[in-house]
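Trainee: Dock chain B against the given chain A, drawing on the hints supplied.
Protein chains: 2
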Amino acid sequence: MAGNPGVGEVDAAAYMKHWASRVDDALNRFVPDGGGEPPEVFRIMRYSLFAGGKRLRPVLCVAGCEAVGGDPGAALPAACALECIHTYSLIHDDLPAMDDDDLRRGKPTSHMVFGEAAAILGGDGLLTLAFELMADEEMASAAGPDRVLGASRLLAEAAGASGMVGGQLLDIRAGGEPGGTAGLEEIHRRKTGAMIRASVMMGGLLGGGAPKQLACLALYGAKAGLAFQIVDDILDVEGDPELMGKSTGVDAALDKVTYPALYGLDASREMARRTVDEAIDALSGFPEGAPALASLAQFIVLRRF
Amino acid sequence: MAGNPGVGEVDAAAYMKHWASRVDDALNRFVPDGGGEPPEVFRIMRYSLFAGGKRLRPVLCVAGCEAVGGDPGAALPAACALECIHTYSLIHDDLPAMDDDDLRRGKPTSHMVFGEAAAILGGDGLLTLAFELMADEEMASAAGPDRVLGASRLLAEAAGASGMVGGQLLDIRAGGEPGGTAGLEEIHRRKTGAMIRASVMMGGLLGGGAPKQLACLALYGAKAGLAFQIVDDILDVEGDPELMGKSTGVDAALDKVTYPALYGLDASREMARRTVDEAIDALSGFPEGAPALASLAQFIVLRRF
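Chains A and B, in that order, are what the protein sequence lines are. Start counting the first sequence at 1; every next residue gets the next number (the numbering used here). Start counting the second sequence at 1; every next residue gets the next number (the numbering used here).
Because the hints were derived from the structure by calculation, they are not lab data. For glycine and all other residues, C-beta sits at the position ideal for the given N, C-alpha and C. Don't take every hint at face value.
Chain A side only, calculated, beta carbon under 7 Å to chain B, not exhaustive [unchecked claim]:
#, residue
1, E37
2, E116
3, L129
4, A156
5, A159
One side only, chain B facing chain A, incomplete, derived with CB under 8 Å [said to hold, decoys possible]:
#, residue
6, E37
7, M45
8, A97
9, D124
10, L127
11, E132
12, A135
13, A140
14, P145
15, A156
16, E157
17, V165
18, L169
19, I172
Listed next, with one range per pair, are the computed distances between beta-carbon atoms [said to hold, decoys possible]:
#, chain 1, residue 1, chain 2, residue 2, range
20, A, A210, B, K17, 44 to 50 Å
21, B, S141, A, F50, 36 to 42 Å
22, A, K54, B, S21, 44 to 50 Å
23, B, A267, A, G34, 33 to 39 Å
24, A, G69, B, S21, 47 to 53 Å
25, A, H18, B, P108, 50 to 56 Å
26, B, R303, A, R29, 39 to 45 Å
27, B, E238, A, T181, 57 to 63 Å
28, B, D102, A, D277, 51 to 57 Å
29, A, A210, B, P211, 34 to 40 Å
30, A, V113, B, P32, 39 to 45 Å
31, B, E185, A, K212, 52 to 58 Å
Looking at chain A on its own, in the form it has when it is part of the complex:
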């Protein structure tokens, strides 16, 4: 269906399942069970890497690569790098000095199992591993070193002080003082949005996307990231803790700035739907369509409601 992203042509759940399993295989190759010296730090890293993550960021990277006509398999090291960064951020966010969470996806958090020092180091190890994967020789020869360096730059910018790290600091500092709509959006744009946007763009860049295509992917990613965060905030209010594998009501207890707190549940749901529509609209720049990305955007917002 030229000129139409072709919503629904791809079964997002099946697509997620297929690529999540390819990402798991690649992660198992990069961080093998029982491999690595010294062993304990690799055990710590694997504990959180294989704790039931949905691999959303890696799958978005693969789908971004596919959308521009690239070979999605060649982007797998970058997809794994995204998951390493995401996982480290969860380990550090859960620390007693941060959100002080005991459970994550139904399992004890890293510092509950290994202790605080080891959890900090496990996170540092994953963050560093991400950039070791970005320098993967096979990916560099498949995609070319210039594209790989560009993707590496995108990842560092999204994960770093102006992106995820800065957003987490703003979030901590904002406790109870929302700073209005603009403040809330800035926190989420940096803390979650930047990495989701980078995931899609890295795939597009590695796949050889033209500047116009990359601009579409950037807009898609920004909107999808925002929608993801709104839904996350909603699920923290009304999600089923059993299904989600983590405590709900945490944001309210921590006095966190959230969409439902600022706008109410109904308006937040409406915002999530509208934002997903905008993400899908951004794909109209792909004449051949980008059905996987379109379905994934729907999937994000439909996760539980």
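Mentor: Relative to the frame of chain A, chain B by itself:
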């Protein structure tokens, strides 16, 4: 003096001063005072980046580049990346969950000033910034993207789970239980040695060094790194806290495995001197000499005794 590294031809102190100041300028350009959004995370990063570090790793990188005939100025982003990694490791090592240090180079440590969560995030920001700098476009066009990717890989390996992060975990776990000579050497090889070795090699790789030259630099770096750590252990026993800007006797109080604890002070001093000689011997592979590296190795061991 062909065939001779030409010890003493370069004044190491002056060389350090010159290049440390170039590195400071570059760091000020990459992380400008009052620049960056959100501002607080950049303030946290700058606080530790400009806390009086001697810039040893960046200077070794520059000297490694020079030794193979490369343009040392072109390696400055990589040199700064090394300092970012070193600085983040100090911030995280000082945390209450790790070594619980209040002072570093005579100044309150990051978590004492900004709080624990912010210090963790400041460290994460610096670690991520290191790889943003490794993807610097100017460096990539000067040295070529393949060399830059290779240097990035060296950095990630040295800083990561098998290198510095793994060494720090071993160090924490070893508390009071040396594990003999082999255990002590493994801790130091990973924790300090790997980054010092990588510093020299990254410079050599970016400067276009031949495989044989890189092998010499690897051996030089491994020996220089070991000497550095032995001297560090010695200074913790007999150094002047005023001069060093940090508490001494910390290792003993923490029951840490050290060279003086295992071998005594005299034998440790002798080991340091011998190891520096071995580092300098490794430079005999440079027919034109590598006087800066030779002098720097002497400088490391002569720091205070």
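Trainee: Against the earlier hints, flag every one the structure doesn't satisfy and list their numbers going up.
Mentor: Hints that this structure does not satisfy do not exist here, as all of them hold.
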